Amino acid sequence: MKITLDIPDSLAASHTFSQVDWLQEVAVALFRQELITLGTASQLAGMNQMAFQELLYDRSIGLHYDLADYQARHCQPARQQLAMRDFVKGVRCL
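Numbering (the working numbering), first residue to last: 184 to 277.
If you're looking for bench data, these hints aren't it; they were derived computationally from the structure.
It should be emphasised that the depicted structure is a prediction, and the values quoted were computed from it without experimental measurement.
Yeah, the Cβ is synthetic: ideal placement off N, Cα and C, and Gly gets one too.
One or more of the hints may lead you astray.
[What the hints assert, rightly or not] What follows is a list of derived Cβ distance ranges for each label pair: (1) V203 with R268: 44 to 50 Å; (2) R268 with S201: 14 to 20 Å; (3) L206 with S243: 18 to 24 Å; (4) Q263 with S193: 33 to 39 Å; (5) A255 with Q216: 19 to 25 Å; (6) P191 with A212: 14 to 20 Å; (7) Q264 with S243: 31 to 37 Å; (8) D189 with Q263: 46 to 52 Å; (9) G245 with L265: 18 to 24 Å; (10) D189 with R268: 22 to 28 Å; (11) L194 with Q216: 21 to 27 Å.
Starting from the given sequences, assemble the full structure and let the hints guide the process.
Right under this line is the structure:
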């Protein structure tokens, strides 16, 4: 998808914001409104996720990380490890 923004000449001529700055601002705004994920926002901003998280931190914007996110990231892999360990215990070598 390609989106074109018409920016007033007065803003474009000020050299205050580059294209990169505009993309970062859009990414931050969309992330803040929970319209896009951290990964999508960092891609839009042209930054890796850690750098984008630092940008959010500098602006006092918290990550949208709820219980479901925590469980998906931490609990599911732990359950898989336990299941694999139990499976390996049950395997007998001939």
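Checked hints:
As the Cβ distance of V203 to R268 is approximately 47 Å, the hint placing it in 44 to 50 Å holds. Here the CB-CB span from R268 to S201 is close to 52 Å, at odds with the stated 14 to 20 Å. Under the hint 18 to 24 Å, the C-beta atoms of L206 and S243, about 21 Å apart, fit the expected range. Restraint check, Q263 to S193: a C-beta distance of roughly 56 Å breaks the suggested window 33 to 39 Å.
Between A255 and Q216, the C-beta spacing of about 22 Å keeps the proposed range 19 to 25 Å intact. Between P191 and A212 the beta carbons are some 18 Å apart, a value that agrees with the proposed interval 14 to 20 Å. A hinted range of 31 to 37 Å holds for the C-beta pair Q264 and S243, which are about 36 Å apart. Taken as a hint, the range 46 to 52 Å holds for the pair D189 and Q263, whose Cβ atoms sit roughly 50 Å apart.
Judged by the Cβ atoms, the range 18 to 24 Å given for G245 and L265 is violated: they are separated by roughly 31 Å. For D189 and R268, the Cβ-Cβ distance of about 59 Å falls outside the hinted range of 22 to 28 Å, so the restraint is violated. Checked against the hint of 21 to 27 Å, the C-beta distance between L194 and Q216 comes to roughly 22 Å, which is consistent with it.
In terms of the numbered hints stated before, the structure departs from hints 2, 4, 9, 10, listed from lowest to highest.
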